[in-house]
Each structure stands twice: as C-alpha cells, then as structure tokens.
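Peer 1: Same order as they appear, the protein sequences are chains S, V, Z and C.
Going by the working numbering, the first residue of the first sequence is number 7, and it counts up by one from there.
Going by the working numbering, the first residue of the second sequence is number 7, and it counts up by one from there.
Going by the working numbering, the first residue of the third sequence is number 7, and it counts up by one from there.
Going by the working numbering, the first residue of the fourth sequence is number 7, and it counts up by one from there.
Incorrect hints may appear among the rest.
Lysine-lysine pairs mimicking BS3-like chemistry, simulated, CA-CA at most 25 Å apart [as the list claims (entries may be wrong)]:
| id | chain 1 | residue 1 | chain 2 | residue 2 |
| --- | --- | --- | --- | --- |
| 1 | V | Lys141 | Z | Lys180 |
| 2 | S | Lys180 | C | Lys141 |
| 3 | V | Lys180 | V | Lys227 |
| 4 | V | Lys183 | V | Lys227 |
| 5 | C | Lys22 | S | Lys227 |
| 6 | V | Lys183 | Z | Lys183 |
Derived by calculation from the structure, the hints in this document are not laboratory data.
So you can see what is in the structure, the chains are spelled out below.
There are 4 protein chains.
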Amino acid sequence: MIEKYSIRTDLALEQKERFEADNVEIPGVVLEENYDEEREIRVTTVRITTENGARTMGKPVGNYITLEAPKLAVPDEYYHREVSEEMECFLRQLLPAEKKDCSVLVAGLGNRQVTPDALGPYVADNLNITRHIVKEYGKYAMGKDRVDPLSAIVPGVMGQTGMETVEIIRGVVKETKPDVVIAVDALAARNSKRLNRTIQLSDTGINPGSGVGNHRNAITKETVGVPVIAIGVPTVVDAATIVSDAMESLIRAMETSDTLRGVGVVLQGYNAAEKYELVKELIAPHLNGMFVTPKDVDETVKRISYTISEALNHLFGS
Amino acid sequence: MIEKYSIRTDLALEQKERFEADNVEIPGVVLEENYDEEREIRVTTVRITTENGARTMGKPVGNYITLEAPKLAVPDEYYHREVSEEMECFLRQLLPAEKKDCSVLVAGLGNRQVTPDALGPYVADNLNITRHIVKEYGKYAMGKDRVDPLSAIVPGVMGQTGMETVEIIRGVVKETKPDVVIAVDALAARNSKRLNRTIQLSDTGINPGSGVGNHRNAITKETVGVPVIAIGVPTVVDAATIVSDAMESLIRAMETSDTLRGVGVVLQGYNAAEKYELVKELIAPHLNGMFVTPKDVDETVKRISYTISEALNHLFGS
Amino acid sequence: MIEKYSIRTDLALEQKERFEADNVEIPGVVLEENYDEEREIRVTTVRITTENGARTMGKPVGNYITLEAPKLAVPDEYYHREVSEEMECFLRQLLPAEKKDCSVLVAGLGNRQVTPDALGPYVADNLNITRHIVKEYGKYAMGKDRVDPLSAIVPGVMGQTGMETVEIIRGVVKETKPDVVIAVDALAARNSKRLNRTIQLSDTGINPGSGVGNHRNAITKETVGVPVIAIGVPTVVDAATIVSDAMESLIRAMETSDTLRGVGVVLQGYNAAEKYELVKELIAPHLNGMFVTPKDVDETVKRISYTISEALNHLFGS
Amino acid sequence: MIEKYSIRTDLALEQKERFEADNVEIPGVVLEENYDEEREIRVTTVRITTENGARTMGKPVGNYITLEAPKLAVPDEYYHREVSEEMECFLRQLLPAEKKDCSVLVAGLGNRQVTPDALGPYVADNLNITRHIVKEYGKYAMGKDRVDPLSAIVPGVMGQTGMETVEIIRGVVKETKPDVVIAVDALAARNSKRLNRTIQLSDTGINPGSGVGNHRNAITKETVGVPVIAIGVPTVVDAATIVSDAMESLIRAMETSDTLRGVGVVLQGYNAAEKYELVKELIAPHLNGMFVTPKDVDETVKRISYTISEALNHLFGS
C-alpha cells in the first residue's frame, strides 16, 4: 500500500499499525496495550528488541511508550494533571537506573516562531530550572534530601543557527555534564486524529528521517555522550499524507464496493507499487512543504507543553 | 464536479475558473486578464454586473481585482515595492469617486494569535496612523496640501470578543465617521499554489459564507453605512479541499486513462452528484477544522502584510 | 511639598496619603482600612462624597477600593486565588444594583506591545467570553439559572488607532448595549513599592490626567452611556517621580538632621513653592517619557492579569 | 562624587567622562573623538593600553568604540543605513587580522521575554545565516569569492537555562570552531540621554560586573578560546543611578548657588565619601531591581537591532 513506500510518521505506534493492517507479525517487535477506561488514557508500548525489528520498523532498538488522551486537546485542568502524573510515572521507567542527584538537561527542540513546531521551546519556558541554584548554594539550599539539578536549552533550528542541533547539544553536554538529556520535540503523525492528544516517550533519542543507523544528526547517546530520552507530541500531518490516505481509501472502496465492482476488477490487476505510481502523480508537487494542522493549534500546543513541563517539574523537583 | 457542491474559496478568480473548466459562459460576469511579463505580476479583474451573475458566482455584484505575484512569498524587497505600487494603483480605482481629504478606517480582521489568520492585525500594526494628529493640529501640520486622515482598528474574532465583527466596526464608524472602510483579511483559497502570493482587492466588502444576500454579519456599505473596500490574501486551504481535489483528479484520470479504460466506463455511468457522494464519505470527518498551510507561513504573512501596509501608507500619506 | 504641585499618581490611596503626611483632614473624603493578617491583604476604601472632596483629591466623586497584596508579585497559585476571590467580592459591591442577566463589556485598555502597559489586553485574553453563545443558543444553553453575557474589546492606544479610546468604547457600547463596562488599565503609582502588588477598583470609570471635570476623553457613565467600573494595577512609576521623591527626602533630612542643622536653617527660609522650583530645574528634562519598572515586569504583569481574569470569569460565569 | 563609589555604567565612554569631570588625566587610557557633522554621528574611541589604565577604568585592556547617533531612536530608514555602514567599518577594524573565509558565531545575549534585554536575541533573529549552506554545498554555492560562514546562538539567561552563558558559548565554540565570536548585548548606561542612540563596539568581549580580572563568567578569548567582539546598546539606566545623579546635582547647586550659599558652606565641610553616605540612605532600597527605560523601548530596540543585523549581514555577506 501507498504508505509503506513513502508516508512519514514519527510515531512508532503508527508504524506498527501499518503492518497490523496486513496481519503481519514483526519479529523483534513486541507490543503491549493498556486502556485506563476511567481516565480515558490508552498506553501503548512498542519494544523494538532486535536490529531486524529496527530495520523493519525504520526506528532504532528501544522502548516507545505512547499515551493517547483524547481530552488533551481541550482545557480541562484536572485531566491535564492526571496525564501529567501518568507521564511522570512512565518517564521514570525510561530514565537510566536511578542514581542519587541525577542532573538533567532538557533540550526544547524546534522553531519558536512557527506554532506547531514551538512545543519544545514552550516546554523549556515553563520549567523550574534549578541547576544554577544548586551550584551556587548547594543542594541543601533546596531544603530537600534528593535534588536533580535541572537545566534547559532552546537551541533553535538550523535555518536560524547555521548549526546542526546536535552540535549545540553536544557542546553544551560536554561543558555542563548532565547525566541525561531529555529532548522535547513536535512530531508529524500520519493520522490527523492523533494530533495534539498523543505523547510519545522513548529512550532512543531523536532520530531524524528513517531513523536507523548512526546518523550524524541524530541526538542519541552515541552522538552526545549521555542517554537521551525523547518526548514528542504530533502537531502536524504532512499534507501529502492526508491526500494519500484518502486516495487509498477510494481505491479500496472501489475494489470492494458492489456498485463499483467493475472498477474493482480492473484495479485488482495492479499490484501495490503500480497503484502507488498511479496515485503519486496525482498528488500535486506543490503540496511539498505544506502541512495540515488544526485551527486551534496555538492554544492546544500551549496547553500540552504546560502539561509536559509539569510532569518534568514534578519528576525532578521532589 | 465535487467542488461545485461544496468546496470553499474566497477568491472570485477561483470561482470563475471552476466554470471555465466546463467552458461555460456566465451571463453577468466579465473577465479581464493582464500579464506584466517583466514584473511577473498577473492581474485578473472579475466584474460581476448583474444579480444573476452574483447568484451563479456566489459573490455579490462588484469588482474583484486579483494580483498574482509568485515572488510575493520570498524576501525580495525591490519586488515587494513593485507589488505595493501596483496595488496602490488598483486600490485608487476602487475608492469612491475622489474627494478632498478622504478619511479612511482600516479594519485589520482576523485572529492575531493564529498566524495564518493574523494578516489583518499585522497590516494594522504597520500603518502610519494620522487621524489623531490631523484632528489635534489641523491638516496643515502635516505639511501637505491633501490629507487623508488614517485610523485603524483590530476588532478581534468572535471567540475573543463575544461580538460580531460588524457590530464593532459599525459602532466605530458611527462614532468616528470615516468616508470609507478598508477591511483587510486572510482568505481561504482552493488551490494551494495561490497561498501567500495572491492579493484580492474588491469594492464589495466582506461577505462571509456564500456571500450573497444581505447577511447580517457581512461588512458592507449596507451594514456599516460607508463603502467598504476589501483586501484579502489567501493563507490557507481547507484540508478537505486538498483531499477532494486530489480525488477528483484520480477519478478523472480513471475516466480518461488508456490503461484504466475499464474503470472509466464504469464511472461514466455516474453523474456528478453520485460521484460526489462516493467521495464524500471517504473524506474523514476529522478533517473538519483542519487547514493546510505552508511551513514558512509565519515569515510570509509578515512580509505580505508589510507590503500591503506600505501600499496603504503611500496611498493615503501623500 | 513638591508632590502637591506636580507628582502623578493614579491611586486614590496615594493621593490621600499625601494629605495625611501633613495631618490634614479632607472634608468630603472618608477613609476605611482593613487588614486581613492571615491573608496579608490590606484593603483601603477611599470614598469621595462631595465635589469639594473631589477637587481636593483631584479625582471624581465615587468609591475607590485598593487591595494591597505583597505576594501578588510572586508565583503562588494559592495566594493568587485568594486575592482573586477577595477582588470578586469587592467588584460585586461596585456593580450597579444587582439585576438578572447583567451583560458586561470588558475593555482591556493599554498597549499590548509595551509590557507594563499590556495589563488590560492580557486580562481580555484570558476571559471566558459568553455573549455570542448566549445570543446564539439562549441562556439555557449555558446550563445555568443566571447568565451574565460577557464580551470584551481591546481598543488599542491612540498612536495605533488614530482614535480616542472613548470613541471606540462608546461606539461598541451603542451597538452592543452592555449593562456595564469594566475598564482594565495599567496605572502609574508614585511609590515603587506598590508596583505589581496593588489592585484598585472604582466605580468612577477612567479619568485621564487630573481626572476632575467632564473630560471628553474620560471613559465614564457620562461619556459612554452606561456605568463604568475601573480595575487598575500600578505597573510603573514616572522616572521624574522617583527623583523628586528622593530629593524631597534629602531636603527634609537637611532640615531636621543634627549635623546638617545649618542647611536646615537656610532651607526653612523657603516655602514649598520655592523649594519645588529649586528642585524642578535639577530634574533633567530627558526624564520625560521615561518610566521606572521592575526587571521582572513581564512575568508579574502576566500573573496579575491572570488573577484579574479569574475574578471576572468567576463573577460573571456562575 | 557619588558615582565614583557605586554607580554602574557599561559604557567605557561614560567611565571616562567621570574622570574628565574632575579634569584628571588617566595614564594608560587614550581618547579620540570624531564628529561627523553631516551625519550627526559622534565616534569616540577609548583605548585602554595598560593594566593600570584597566584598573582605574574598571574595564579590561582593549579598544572601545562608541557611536552616538541621536536619530537612532527614531524611524528614519536612510539614517539607520548610514549608521549601519559606519558600524560595519569600525567592526572591520576590531576583527582579528583579516583572513580568508573567517567563520563567525554571533551570540545574541539577554532575555527575549524582557524587551529592554531582548536586543541580542532580536539581532540574531535578523541575521542571514550561512554556515549550514556553506557546509552543505561549499562556498562556491554562494556565488562569491570570499565567504564568511555565519552562525548564531541565542543562549538565554541563567534563570531560564540553569547554566552560565559562557558555558553554553564555550561548548558551542568547541564543537563548531568559529574563528571569532560576536556577542551582542543590551547595556546599562548611566545617562538616560544615551539610551537607544548609542552603540559600543569593543574587542574585549563581555565582562560582567567590574569587568577586570579573569572572571569565570566573562565571555572573552580567555574563557571561550577565540577572540570575542562585543556589540552593546544601552537600553536601561538603573533606577538608583537616576536618583543618585539628581541628588548630586542638588548638592552641587547648593554648594554654588548664591541664594543657597549658607547651605553650600555647610556642605563644603563634608568630603565626597560623607556626602555619599548622606545620600545613600535616602535612596530607597526598593529601587533595587528597578530600571528606567523609555516608554517606546519596544519599538526602538526592534529598530536598532535591525540596524545592527544589517551591519553584520553586510560585513559577512560580501
């Protein structure tokens, strides 16, 4: 089907779903699902355990936890607090084996000037930064037994800085020696119904593009020197994806519909690749660089970034 | 065809094109085209001259001038100045018969918090406002023979104010008695290649929805009491439009393609309305409230709003 | 003393204090003080009851309630909620005699682009606007017995609009017919220790400058046609005020100090007006247009505006 | 005099003036002045040539070039271009001995959320960043003979990041190896008439506080490993400075005035330190953390930051 050739998603969950559609078991990929009916939060864990699984999935070996919370997109303070607590609990699982006084650098990735890409910077804006206080006055100044000094950087995007994001993060990590980096970024989903109501946590860092192999631009333990936890929220869908999905539905309908049986017969003569070619040229090239996003993206991104900041503040502030 | 039933465009030019596709002459609608090869600016004037024409076009009687300037979306100061001058010249044609000291109220419509909708507020931000100076010191204080006092209002959107925009404009017009209102607004196009490179000027005011008839929410001479010139720039395409267009292309390809002739034969058995139904259910309902916009919309909207402000500043400042 | 001649304050409380310094009783002005020790909120009510009192105070007849809450400037969510509730309770006293379904227009005055002046626009941003919903679906759609339709306008400042703020408000009031206007504005204090921790409520509207007499630019029942409640927070001190205050302290110290008795003797030969002249020329004219504001004004203004919005949302939303 | 003890200025020019007031020659400090009458730009160069001079001036050995351009604070596009060109020319003098293809990292220091401190981030926003293009496509892609790859970072302030600014810059410099860092920052002046119309260029980097000695937080060749050029614009005056200056004028007036001769006689009995003590306690402690800034600081900072960006874009883009 079309999407196996070209369609982009940053969610491991969606990558997995594509294979499920065809009832294919993927060796080296383990799936767990859990639905909290009362809280209306669905948690899906995708564990990629072998290099083979990684190749099939187009994502590196590691754990991907997805929280789907439909009401994330609406202003319900109490609900956001619940998601925040849930998230905190899963983040704790992904952190490197507990140690006393784990120092953390949060990297708020993305472009502050483009709303759907501003999630990372917004999260950084709302953090309770403590590293400088601990350094100046000692951890007892915080009046707590355990202290995880928190620092944050908003590196900007390459068009603004002229530098790869990983160069900036690596430089800052070498100077300030955090125990772990938490990279927060806006993602592209493939299904518009996931926008602004899904949070993906993973212990594999940030892997641009296909995401497998040792990309020089990845932000991972390999490239920055300390473990990298990634927090992502899908805020856009590529315009080409939306179109491609709709067209595939059309073709499928033609293949199965009673009234259109004639069409179906013709189309069944084509294999997936041919159908893809058929469709590809119909997708106008000017959809490149276009994205689909909800009309209220400004508000929802602010709200979710606040929910994520609260989870981080709570996790490292007590 | 699909779009005749449902697809939204705010551009008279695009409305006209839909009929041309079928080679239909529309009585009461006159078209003029002009291409300035050197400046790469295409100017299309659509004149709707009769109520019949208005009904067919779904837009009120009046003049619609569209400037298409592909390089508007890129940062080329010199080119923007040329477009600005061109625009100034056409605006002059739309203004009510020249009078001395014509006072002008610019209404910057739209939502300042949502970038693709912030065109109007941004234009208002860059104007050289003079009404208060002329009122305080007299027009000779401006050191000019002719003075057109300029004022501006950014009314906000109904979700922010609880009021119809026209209520605010009408109230302000009654109090401050401008000779003409210029309403600046972001538009929805139906073709994504027009985004951020097209400016529509018209003397019919702002007509929400289908736009014909005396809508109580329209911003027109009828509803605010003085002539209303509208300046619009398409900055988004409805997500449903993009999908619908692509699917129509697919169907058309099937009807005409050699290899798919069998499909074509089947589909030819359906009329436009049936094809529309076929497609409609395939367009996911969650596309409602989604729009398509270019990744660099923040920069381009700022640039074009500046170009429009300059045209207005020059037109009324000399 | 200097300040009687020239120094500006928008707080009735501070105006009153100037006379107290001299132990002067002002006929037609009644003062009540109340300190809630537990909550650390001091409430001072100044009632100007006669035209004579108004002339002496330089402020119109009416009630001025000042809440001083030192912790307003710091981020303490719980404390802000307490201030919000206190404020709601006093606002209720100032509202015109209770009626069912009182419709309210909030005017967020000031310049959104200049942080210390952005209080009004920020408050408007955070309101739960309901007028359009009540109008469209009826008050029962709100699922409540009593509904006070809330609308809001951010008129901008004269340099941006070319219009007096009162022209815009009056126009909007005539069109949309609210029962009461609540005008929110940033104020100038004379004592920097009051900045961002004081809220003044009054039933006299907004009175620019000396504030007495029927100013054409005032925003009052007389100029807009319905009662106007004013909510103000001092966010700046005029630079000239700071200097003037310090110099007066110096002179006073010289008059009373033992070691400087010689100076005191000389200065006692001058009356207040002469001392004022002496000082005036020392205040550099380039202090005009300069203001004093705390380094963290951006954060504190955002916080307080949220507190005020919450009071309004609660007052009119239940 | 008061200011010798306590008053803060970031301008070498103002530091120098304080000694001139007393007609003191400072060994190790050379002054050159140049006034371009036509352009109304005054250029003052202070060269600190010895460690002794550095100690007296409270600023490190190096060159400080100050451009004073009164019209910088007003919107005059042509004038801004002239200042931009002038600045470019002086920057060239401060750059390390010309080499081919000098790569430059601009650090936009300060807090983007606080307008008078946002100069650095604003300058970074307007730069034509080229490093990533040169790296990807080679310098010939730029169609120029000489290319100076430009990169930029907006590190934020310690309260936002938990890190010293120098830690971030040093990390980024080590990773990306620019030949020179240009640090842009908002300054505090001591004379309010210099605000937003003065640009200081120096080859000594950024030296917080008294600025002499090898501060661990300084951003200099010593701390980051490559030469650091500093560009600064005074945008605020400490509130305490304004008061202190006015009081000194008052004392001086008393010492010399005919009518106040008696006071003068008394005050002459005190030395500078005693007078300072006399005044100090009169300056309210709540002026700490307060600054004085012009009402239109938002606009002027935007304008000047654009002028500086243009100088940098032109210097490194051709």
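Peer 1: All hints are to be evaluated individually against the structure, with a verdict given for each.
Peer 2: Against the structure, the hints:
{"no.": "1", "hint": "Lys141(V) with Lys180(Z)", "verdict": "holds (23 Å)"}
{"no.": "2", "hint": "Lys180(S) with Lys141(C)", "verdict": "holds (23 Å)"}
{"no.": "3", "hint": "Lys180(V) with Lys227(V)", "verdict": "holds (13 Å)"}
{"no.": "4", "hint": "Lys183(V) with Lys227(V)", "verdict": "holds (13 Å)"}
{"no.": "5", "hint": "Lys22(C) with Lys227(S)", "verdict": "violated (52 Å)"}
{"no.": "6", "hint": "Lys183(V) with Lys183(Z)", "verdict": "holds (20 Å)"}
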